[in-house]
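S.K.: If you read the protein sequences in the order shown, they are chains X and V.
When we follow my numbering, the leftmost residue of the first sequence carries the number 1, and every step to the right adds one.
When we follow my numbering, the leftmost residue of the second sequence carries the number 239, and every step to the right adds one.
Please keep in mind that the hints were generated in silico from the structure rather than gathered at the bench.
Among the hints, erroneous ones may be present.
[Said to hold, decoys possible] Straight-line Cα separation of at most 20 Å, EDC-like style, residue types lysine to aspartate or glutamate; simulated pairs: (1) V:K241 - X:E150; (2) X:K127 - X:E102; (3) V:K284 - X:E150; (4) V:K507 - V:D491; (5) V:K242 - V:D387; (6) X:K210 - V:E511; (7) V:K561 - V:E464; (8) V:K519 - V:D493; (9) V:K476 - V:D397; (10) V:K479 - V:E416; (11) V:K284 - X:E154; (12) V:K592 - V:E511.
[Said to hold, decoys possible] Listing some non-contacts, in silico: residues in chain X with all C-beta distances to chain V over 12 Å: (13) R143; (14) Q161; (15) C196.
[Claimed, not checked] Examples of chain X residues toward chain V, derived with CB under 10 Å: (16) F6; (17) Y20; (18) N58; (19) P59; (20) P144; (21) Q166; (22) I167; (23) A168; (24) G169.
If you're wondering where the values come from, they're calculated on a predicted model, not measured in any experiment.
Glycine residues also receive a C-beta, built at the ideal position from the N, C-alpha and C atoms.
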Amino acid sequence: MTNTRFIDKLKRKIIVVGHYGSGKTEFSVSLAMLFASAKVQKHSNFNECAIVDLDIINPYFRSREMKEILEQHGVHVFGSAFNAEVTAELPALSANVRAPLENESCRVIIDTGGNDSGALPLNQFSKYFADDTTVLAVLNANRPGTSNIEGAIEHIKAIEQITNLQIAGIVNNTHMMQHTTAADIISGNAFCEKICKLTKKKLYFNCYPKTLINPSEITMLSGNLIPLGLCFHNKHKK
Amino acid sequence: MNKKVLMKGNEAFSEAAIRGGCRYYFGYPITPQNEIPEYMSHQLPKVGGHFIQAESELAAVYMAYGAGAAGGRVFITSSSPGIALMQEGFSFLCSAEVPTVCLTVSRCGPGIGGIQPGQADYLQATRGGGNGDYKIPVFAPENLQEGVDLVYEAMELSDELRNPIFIFADGLLGQMMEPVLLPESREVICPSNIRTQKPWALTGYGADDSQRNRVLSLRMYPEELEQHVEKLFKKYDKAEKELVRYEAIGVEDADVVIAAFGSVARIAKEAIEILAAQNIKAGLIRPISLWPYPYEAFDMITDKTKVVISAEMSMGQMMQDVKLGVRDRFPVRLINRTGGMIPTSIEIAERTKKILEETGGQ
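Chain X extracted, bound-state conformation:
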């Protein structure tokens, strides 16, 4: 199960990067919800939680789309300045994204766009990432670009190179959307373990869709389990 004490040991600023379509936003949103939950807050040194959405390369499936739900759970959302979260194609960010980065009492998750090009906007905020920051790379071994060791490592290196940030750990988010099985997560875990060994990184989390998978099926895995709410899938079903 998710070790809430473990996740609270993560640095204050958590940057989430990864391949296009790997599930960075789904992971970021779920992690933010977890941080904001009463159970975690009780042990926490932080009295606020925020998500900073730096995705300016694709106008769909961004965490600012989930603003209403996140705000209801006590997560502040920073991203576009234009209040047209769904349709604005402008590659522009609000100046207020700096607020949670500067607020020492706020736990902040920085959700980026896909690939190295999506991670590029991190550079303009680099002064905030010199310390107290954990960079996590989300991997989905069922995506063509990251389904082999070479491709996955190439992606990780490209992101590190363009951002000048060291990725601390991997998040196994191997899935097939609503067709995900425990076998996907287990094989993805083995794949991510190999990547971690070769790149000297740590496997931080295994994600599982809580509506599809019983965590008892995957308890044997290394790394903490983190439930995903399939926010975007469910949002569009309503």
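Following the hints, put chain V in place on chain X, whose structure we already have.
M.R.: Below, chain V without anything else, positioned relative to chain X:
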């Protein structure tokens, strides 16, 4: 054996085109299809293909004209306003009988409209905005696997017909992710074989070396043009008979029949399940070919049915064809959303129930 992979619609359609033999792609960025030129720009060169970012959609369609006329297997894509700009070129491609596969990942309009999905380019796709007598077969997938299969098939079909083939995928399909099984890569016609495999192509001289090939859309004499158009229409008549495709579910004993294509069809399928749980039998006619339209599918509807519904993300553009299929046998009603709004399955089910009540069905 191939394994299913998780792909975004735009990536999957691009890969299907490459595996179908496409080696020439021309495009100009527009949301929600931007992943296609991006994908083609890095994947096509890996298989010896060529990607060119055109300076406009109009330029892209004429680059397709050139490459297709020279015998290349061509793929072009855009979205609604971009497809509007290409219309002139489609007429020229049809007239000159140049094979090209064109995919639209449609968004909402009119005008610049918005970047959310829409189906209000139904008439644009099926009737076209180019000049003259021409027709283009149009296929509309409802999921990524079907989209992959249709793009793959269209690559060959376009060559066989010597005509553009249009794939109509709305923005939902372009942006969603689903597991897909990709087809095996086709053997590509190498340039030295074009003369024998496409003896009409502009390779200098025809296959028999007797005279220069010409690919024209201009005819200097009316008699010659009339003859040419009649020849084109013989081809279209054949296509109209052979390319009709649709899916029909539970139509024969349905209280109500819903006609829907693309992503609305899959939403309608869920609505039908909701209605079934309330003891309302709803059937579905899902046109896969939008031209030729499967009018004959509506002949399966029996007198048990009270009303036929056209469910669309437009103000009722497909309803005209539904009415032609129904031939006044049943009342036809519309369930629609527009402006980028997507109907939910619950909404379709509730509005279907209301229509049934109004038409005396329940």
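S.K.: With reference to the structure, classify each hint as holding or not holding.
M.R.: Taking the hints in turn, this is what the structure says about them:
no., hint, in the structure
1, V:K241 - X:E150, "19 Å, holds"
2, X:K127 - X:E102, "10 Å, holds"
3, V:K284 - X:E150, "16 Å, holds"
4, V:K507 - V:D491, "16 Å, holds"
5, V:K242 - V:D387, "14 Å, holds"
6, X:K210 - V:E511, "24 Å, violated"
7, V:K561 - V:E464, "32 Å, violated"
8, V:K519 - V:D493, "5 Å, holds"
9, V:K476 - V:D397, "15 Å, holds"
10, V:K479 - V:E416, "32 Å, violated"
11, V:K284 - X:E154, "17 Å, holds"
12, V:K592 - V:E511, "16 Å, holds"
13, R143, "5 Å, violated"
14, Q161, "17 Å, holds"
15, C196, "21 Å, holds"
16, F6, "28 Å, violated"
17, Y20, "8 Å, holds"
18, N58, "8 Å, holds"
19, P59, "6 Å, holds"
20, P144, "5 Å, holds"
21, Q166, "26 Å, violated"
22, I167, "22 Å, violated"
23, A168, "25 Å, violated"
24, G169, "22 Å, violated"
Of the numbered hints listed earlier, those contradicted by the structure are 6, 7, 10, 13, 16, 21, 22, 23 and 24.
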